[in-house]
Amino acid sequence: MKNHVRSLLMRELGEEGFVGAAKPWHADEQERPVFVDDSGRRARAVYGAGVVMLALFATWLGCLVIGMFGATGFSVPRITAVVRTRAARGELASAQVVTAGSRALRSGAIVLDRTHAGCAAVPRGGVGAELLIVASRRDGTPLQRHASSLATDERGALPGCTGDARHEPRLT
Amino acid sequence: MTLRARHVLVALLTVMVVVLLLVDGVTTKTLGAAGTDAASPDAPLASAGPILVSNGHGGLESRAAAPGKRIALTFDDGPSPKWTPKILAILQREHVPATFFEIGGNAVRAPWLTRRIIKDGFELGDHTFTHPNLATLPNWQRQLQIGMTESAFSGIVGLRTRMLRPPYSSTPDAITPKEIAVWGKIAAEGYTIVVASYDTRDWDLPGVSSILAAATPEGNQGGTILMHDGGGNRAETVKALPKIIAMLKRRDFRFVTVSQLDGLPRDALMTSASPWERLRGSLFVGMLAVSRAVTGVLQAIVLAVAALVGVRMLLVLALASAQVRRGRRRERDSGFSAPVSIVVPAFNEAVGIERCVRSLADSSYPAPLEVIVVDDGSSDGTGALVEALGLASVRVLRQANAGKPAALNAGLAAARHDLVVMVDGDTVFEEHSLLNLVQPFAAPDVGAVSGNTKVGNRSGLLGRWQHIEYVMAFSLDRRVYEMLNCMPTVPGAIGAFRRDALLRLGGISGATVAEDTDVTLAIGREGWRVLYAEDARAWTEVPCTLSGLWRQRSRWAYGTLQSLWKHRGAFARRGEGRIGRRALPYMMIFQVLLPLVAPLIDLFAIYSILFLAPLQILAFWLAFNAFQLTLAWAAFGWDGESRRVLWWMPLQQFVYRQLMYLVVIDSVIVALMGTRVRWNRLARTGEVQVAQPASP
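First to last, the protein sequences are chains Y and Z.
Residue numbering for the first sequence follows the working numbering, beginning at 1 and increasing consecutively.
Residue numbering for the second sequence follows the working numbering, beginning at 173 and increasing consecutively.
The following block holds chain Y by itself, in its conformation from the complex (with noise of 0.2 Å):
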């Protein structure tokens, strides 16, 4: 049908009559249309983008998730951590063993036994001094943690308090 409209507009014009038939628009059998790709290249080409944005994406969720969350309170290697730097540089009255899940420790009091595992410590800085408590169980694995306050004349009655983390329990 195309040939037939061309023929027409051939014999109307002559061939002279096409001035602009090399450019680009003209409606002539050379014409395809404008995008079209039917080997679907370019579709994969798009598909593939979209999913490299949507894995992007997702790495910068998870991220950022990783990132906000857990963060909250002070873990029990944390606190161990800070009890043993404190010990080593000298700046802790006293590092102890308390307890793990002893009735008092769950109501908030303060038992303290050096023959089970866990640790606690007071820093050596006076009046209103915190203590921080780490429980754990017998065989050094994390079981409760605890953070709480003891009385100034409470420091003194901490005994045998060494400071060496060697004495500390095994926490991960």
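Possibly wrong hints are sitting among the right ones.
Between beta-carbon pairs, the in silico distance windows are [stated by the list, open to error]:
1. Z:N657 with Y:V52: 40 to 48 Å
2. Z:L784 with Y:V52: 30 to 38 Å
3. Z:A261 with Y:V52: 45 to 53 Å
4. Y:R32 with Z:A177: 23 to 31 Å
5. Z:K201 with Y:R32: 49 to 57 Å
6. Z:R753 with Y:R32: 21 to 29 Å
7. Z:S631 with Y:V52: 44 to 52 Å
8. Y:V52 with Z:F743: 28 to 36 Å
Among the chain Y residues that face chain Z by a calculated CB cut under 8 Å, a handful are [stated by the list, open to error]:
9. P33
10. V34
11. F35
12. D37
13. D38
14. R42
15. A43
16. V46
17. Y47
18. G50
19. V52
20. L54
21. W60
22. C63
23. L64
24. I66
Just so you know, these hints were derived from the structure itself, not from any lab.
The C-beta atom is built at its ideal place from N, Cα and C for all residues, glycine as well.
We have chain Y already, so just place chain Z on it with the hints.
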């Protein structure tokens, strides 16, 4: 590679942007109820000091020694790039230590300030991530608020702080039992709650003297002084701070940090973050920077688009007004008439072809007129219907279905006259439309003329919206194009051409699915002038369902993209600047790029309403609509249309506008993918009403 997969991809990309915006919004916006409770001597902690720790029973107690003549200056709500450096400079000049309770969200926005605070020896406290009232939040949100701030500090300075100042806290005598219960839980996690001994209330901008008075200790009673280095205008704080320091020095107070006031070494309250915590914090800060960058880019786009749309509105109003004035000055009826061939391509147009052909044949036109209906392989008897009319001036050509461009070319080849009018098979002419349409051809350099397409089925909501759209597109845009001499489209419904001009192009091209735009651009590139005849009205049927509208606009949008691409060479070619450097960029910006970014603008508007300034957004939206309405008011007036339908215009901003830009987005993806798009013929109802225009 199905249609659905493409749409899923767009939906996922939209979700990505939404999540990025949400993350930025949620980590910026203050959550929960605000407000500081009033002080009361009967408050449970009225006699407590400013440093509170867990009492081991879910409550709080103060165990710190009496502060004596020791003062800890504390600053909340920072860091602020504007005010924090000024406060740091004063403190350093005066050799005074201080503790900064930073909002995590501000810290990640200005990490260099947090680093400087630590580097210069000041102390860092947690003031939550977005400054909510912790007592009003569920536990998981409290954990998140504190945890995110800790994570941010770990990433920025490699430290974690055990000092927490709850937002909206003041002095111990203002702490309620509910706050004690909530803060007690936080303290049980190992945090030290730091409140104020002296609250300057500088956030309320009470005046420098009031701040100074509020910071003045009673007798020799030291403690913490609460001020702010962020969260608003802190000019008064900056002015008051040197006076406070001087006053305290005069009275022999000693300046300490919060940890010193508590009798603890600094690293008891600010501990080193572990490598994992640092890595996690760095990831957190980095990822937030990404969402902030996206928001920043969006903000820039919104501003650019707002400026562009504003300029365009003014330009359209000015140029369209000028065209109207010029049109009134020039002689409407030049008395020009020449023999005309009207080509009507028709594929299954039985519903409306009779009205169409009759309206053409009945035209009040003084010169010879022929109507050529090209039946493009119709199966509904369109051709026979026309032949049965027995109209002398009407011929029917039949061809196997080959598409609209081929039908037009067949009609063009058969046309006997020098002026060719092309009309869609569902279109109805007014009596004088034809005469009005050919008048501009009195000028020999005019190659084509666009008529004025009117919506003939305006009864439903979609019809009304499209009516508004058509009137604005013709009464404004085409006037502007005429003034700029860069008409991009002579509509298929009603357009007239010099036959010579078309033949020199080789006829109507089938390379795009918007052959009207394609051929108009080509004629413009050849140097012909293309004008607009507003009084040459043709009534057409528009889609009355969303799916029909989607199909029609998809073809238009895709065809426009094809035409833009096909004629891109005009941009750089000499002598084709009217098309290449006016029409094409205008179309590219306002018909492609703006619709492409429009969803981002809508999402950003929602983001702004939720997290930034809802009143400003509302004001902007109202101003935009008011200006649009002004344009529409003028357009309807110039076109002689009733303005009552404009009540429906604000609603156009919802659903309809979104549909229009989704069409463009989809078309761009289709173009990128190289998917073949075919003509989607709309189902006709024949409900075309020819309304009499009101007096202009």
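Tell me, which hint numbers fail for this structure? Hint 19 alone not satisfied by this model.
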